[in-house]
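The whole structure should be built from the sequences, with the hints applied where relevant.
These protein sequence lines are chains A and B, in that order.
1 is the number of the first residue of the first sequence in this note's numbering; add one for each residue after it.
626 is the number of the first residue of the second sequence in this note's numbering; add one for each residue after it.
Simulated from the structure, these hints should not be mistaken for laboratory data.
Accuracy of the hints is not assured; some may be wrong.
[What the hints assert, rightly or not] Here are a few chain B residues that sit away from chain A, every Cβ distance over 12 Å (derived from the structure):
1. F637
2. A654
3. I678
4. A689
5. P708
6. N757
7. L817
8. A849
9. I851
10. G853
11. D888
12. V988
[Claimed, not checked] Covered stretches of chain B (chain A as the covering partner; in silico rule of three or more C-beta atoms under 8 Å from a C-beta of chain A):
13. 873-880
14. 909-922
15. 950-958
16. 962-969
Everything numeric in this text was worked out from a predicted model, so none of it was measured.
Glycine is no exception: its CB is placed at the ideal position from the N, C-alpha and C atoms.
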Amino acid sequence: MIGASEQSDQIERNERTWIMIAVLSVAFLVLAGRLAWLQIVQGEMLLRESEANRLREDPVQAPRGLLLDREGRPLVQNRPSRNLVIDPSSVRGHEKELVNLLSQFFDQDSTQLFDTTFLKRLFRQARLTPSQRPVLLEDASPMEMALFAENQYRLPGIIQEVAMRREYPYGSLAGHMLGYTGEVPEERLDELQDEGYRLGDLIGQMGLEQEYEKDLRGKDGIRWIEVDAKGRIVGTPDDMPRTEPVPGKHVRTTIDLDLQKVAEEAFSDSLSGAVVVLDPRTGEVLAMCSSPRIDPNIFALPGRRRAREWAKLALDSRRPLNNRAIQGTYEPGSTFKIVTSLAGLVTGRWGSHAHFPAACRGGFHFGARYQRCWQDKGPFHGSLDMIGALTQSCDVYYYQLGLYLDMIPINQVGASLGLGSRTGIDLPNEKTGLLVDSATHERRNKRLGWKWARGLILNLSIGQGELVTPLQLATMVGGVANGHNVMRPHLMKAILDPETNRVIRASENNVLHKLDWSDATIQTIHSAMDSVVNGIHGTGHSARLPGIRVGGKTGSAENPHGRTHALFVCAAPMEAPEIAIGLIVENGGHGGSTAAPIAIRIMKTYFQKTGRLPKDTSASMKGRT
Amino acid sequence: MNARQDDLRARFDGLLFGMVVLLAATSVALLYSISTAPHEGDYWKKQLMWYGIGLIAMVGVTVAPRRFWYQASYVLYGVLILPLTLVSASAKGAERWFSLGGFHFQPSEFAKLGVLLALARLFSDRKVGLANLKPLITPFIMFFIPFLLILKQPNLSTALSLLMVFIAMLFWSGFSLLDLLILASPILSVGLSFEFTWWAVYNILAWFLLFTRWRVHRLSGKVAVIFGLSILMAGLASQIAWNQVLKPHQRSRILTFLDPTRDPGGAGYQVLQSQVAIGSGGLFGKGFGQGSQSNLQFLPEEHTDFIFAVLSEQFGFLGCLVVLGLLLVFLVRCLQMCFEESDRFRNLVIVGSTTIFAFHSIVNVAMTLGLMPVTGLPLPFLSYGGSFVITCMILVGFLLHIRLGEEK
Chain A
1 MIGASEQSDQ
11 IERNERTWIM
21 IAVLSVAFLV
31 LAGRLAWLQI
41 VQGEMLLRES
51 EANRLREDPV
61 QAPRGLLLDR
71 EGRPLVQNRP
81 SRNLVIDPSS
91 VRGHEKELVN
101 LLSQFFDQDS
111 TQLFDTTFLK
121 RLFRQARLTP
131 SQRPVLLEDA
141 SPMEMALFAE
151 NQYRLPGIIQ
161 EVAMRREYPY
171 GSLAGHMLGY
181 TGEVPEERLD
191 ELQDEGYRLG
201 DLIGQMGLEQ
211 EYEKDLRGKD
221 GIRWIEVDAK
231 GRIVGTPDDM
241 PRTEPVPGKH
251 VRTTIDLDLQ
261 KVAEEAFSDS
271 LSGAVVVLDP
281 RTGEVLAMCS
291 SPRIDPNIFA
301 LPGRRRAREW
311 AKLALDSRRP
321 LNNRAIQGTY
331 EPGSTFKIVT
341 SLAGLVTGRW
351 GSHAHFPAAC
361 RGGFHFGARY
371 QRCWQDKGPF
381 HGSLDMIGAL
391 TQSCDVYYYQ
401 LGLYLDMIPI
411 NQVGASLGLG
421 SRTGIDLPNE
431 KTGLLVDSAT
441 HERRNKRLGW
451 KWARGLILNL
461 SIGQGELVTP
471 LQLATMVGGV
481 ANGHNVMRPH
491 LMKAILDPET
501 NRVIRASENN
511 VLHKLDWSDA
521 TIQTIHSAMD
531 SVVNGIHGTG
541 HSARLPGIRV
551 GGKTGSAENP
561 HGRTHALFVC
571 AAPMEAPEIA
581 IGLIVENGGH
591 GGSTAAPIAI
601 RIMKTYFQKT
611 GRLPKDTSAS
621 MKGRT
Chain B
626 MNARQDDLRA
636 RFDGLLFGMV
646 VLLAATSVAL
656 LYSISTAPHE
666 GDYWKKQLMW
676 YGIGLIAMVG
686 VTVAPRRFWY
696 QASYVLYGVL
706 ILPLTLVSAS
716 AKGAERWFSL
726 GGFHFQPSEF
736 AKLGVLLALA
746 RLFSDRKVGL
756 ANLKPLITPF
766 IMFFIPFLLI
776 LKQPNLSTAL
786 SLLMVFIAML
796 FWSGFSLLDL
806 LILASPILSV
816 GLSFEFTWWA
826 VYNILAWFLL
836 FTRWRVHRLS
846 GKVAVIFGLS
856 ILMAGLASQI
866 AWNQVLKPHQ
876 RSRILTFLDP
886 TRDPGGAGYQ
896 VLQSQVAIGS
906 GGLFGKGFGQ
916 GSQSNLQFLP
926 EEHTDFIFAV
936 LSEQFGFLGC
946 LVVLGLLLVF
956 LVRCLQMCFE
966 ESDRFRNLVI
976 VGSTTIFAFH
986 SIVNVAMTLG
996 LMPVTGLPLP
1006 FLSYGGSFVI
1016 TCMILVGFLL
1026 HIRLGEEK
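If you want it as structure tokens, here you go:
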């Protein structure tokens, strides 16, 4: 009896044991199933995720291309600089001591090197984003480096990093044209991210640095680093591919360093204005200078000093950040008389030997108005032909020529010489300038309700009312001197491979406008310009250069804010022009006395360099000017 | 003399012990593999030490006289529960650790042993079922005191493992599956109360079940009414608690506990990184010591609760199957003893011990795999931890002791 009940009891218990074994097995099967799902089905995806956990991209800076002068001399170069940075993983835990220690560092004038709030902010940043190394000291000087080397044992986690920095060896020379680089502005980061820019990357922000950004900028390499869960750098995995940086290409410019130097020297820093020198055969810009200068090196200064210098420039009432050579617009003044003269010749409506009925007696009656000539105190110009009128810059002659021709043919000639529209030089933010006729005048002054009147031609025909840039002046005079083609001015001669210096892309000499002028026209205008400089009555006699036939035209543009702006355009040698100069000195008075001497110094250097003038001392030159 | 030694050898469970040795070796190897990571250096050495202590404890437990554990069970219950009350009295009730001579012990782990033995002895002289509740009162009280003390610590996972031991013993000593279902019915009601239709259907079914049990199986009317009402009340109370009492951040914490992916940066981070570690192991694993997730500390608690993820990352699917296989063989081997043992007390000890091992294994691995909320339950034999390793070895000692004392 007892045995039987015990037996049934045992059977029941065995049943329960089996149930437990079954439950266990099912549970383990579920676990194995889930394991298979994670490791086999999703394995690859999760493997990638675990790689993404531990690997971070670390860019390797690619050297930026250089800007060279036409003979290959560097105008901009890179220099290694040392930064002191904080390695977040090794400063952890003793931030306080380091802040204390670092705040007791002084430079040679015993001012504090770092202030405490700056240090605290930096160390907090290091704690929050341990994958980045905040910069403690940018571009440390040898003195500062020595200070750190002495104290290195007390400063764990403060390490040196070498970074390339832009250097402009000639300081402010051609500063506007070269431009500068700066960190990518945050508001443009979104659009630039597609092109591979990251926060803190440098980008060209003015001049050639901006224009040729794509060529100058290399491609940063990628190195992979291994980080732990806290973002601390653990090491560099050797099994990951490493992309080497591709250095940026060099840009060989058309600038002639010697000529540029002379232009900078001749155009005193106390003057405002600009000078552009170009080769009328090709459009190559040989020198370009805008004053007041900027020194692009200040944009490569460490943070706080850079901000200070920049503020100084931005707040300067002389507006030094403007590249006046392409962005300054001025009335062309008497230099425009070349255009007016040409309009008569090109249309065939006014011969070079013809005289107007009204001779110059110091002024001209137009209706009820009496418009003066600049020479209104005698000796008066009298009755002149075209060459005489240009030589002496007689306003009365040009009033009548303008009235006779009307503005349309004058502006056509002006436009064909590159005025009133962008020349298309390879620099950003070029200004268009302005040519005025009845239509544009009324369109521009619609709001004021001003109507066109024939009387306006009087001013316009002597270059008052139009607007030109110094570059346009040089382009114009180059075109006139050339006689056949107006070349598009440009600054890039070739893009060079940084390793082999082989030419990757050479610039073409583009014709901006073809001129179909008769030989007689060319000859007339050339001898008129020649006479301006070399004639007895020429206004530009201070631009004479013995042995070289220089042609030019002076100008002084009315300026409501003070003295007239002095202008001078010239080209040489007139029989086969190789060099053309456009020049403006703000508030310089008369073109012949202020502007022409500067131009002629540049000319002289050019011809001395090409061996057509003997080298001489600058003292004798000063005597002449 | 020789015959007695052969006898002993025959009755020593080599398979069971072999599994334990293999799992322990795996544990030390895994802890060694992550020793390159900072702050994880010494665990493998310490684990070896714990296994040494555990081995001594195991031998001691194994060679004890035949009726010793039966007789000592109530005393041990008292002795092992005592530290629990001390701990909860001392440190504002939020303390799991007990310091003794520089070592920290988790008294809740050892309390399990006392509860296990005491319950086994209590259930060994009675057959229980829902039909008759009177014999359940003493076991229930003896279970409930340590259960509440551990829950208060708070240590939900250990408390739950104790509950599982209790349920498994109830089942083994007479509760049918249906009885267990009725026991669990109020909890199900809480879960279903968030969807009114389901909850209504569930109520009708539950009441019908209770009614039939009462008519057919002589379930006392009082018990039926108590469970019926508690089903109803549990549902209502949980709704009131959820909507009226709990503040939004408390609700959010509960939801995050149930579904950690709601908070991938915080609570979900562990589970997410654990799954990444496991999945990235693939079929064959990254190789011994090559787990980037564990070496670079993306895996939190890798030496304790997430040791299975460390294993998965390094040895892949195949390695995991081997370890899961070892665990399953071990557990089945434990239960298999029940077929050969007729003594109720010994059977109950076997069932209780196996339940602790099984519950810990399944919940820990499921948690690591993202199938269950993270509760902090260690994996038997593999996870690092002195108290738990020693507890496990003592449990193994019980099993070997039973095996050794078996009558021919």
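Problem set entry | Violations among the numbered hints | 12, 13
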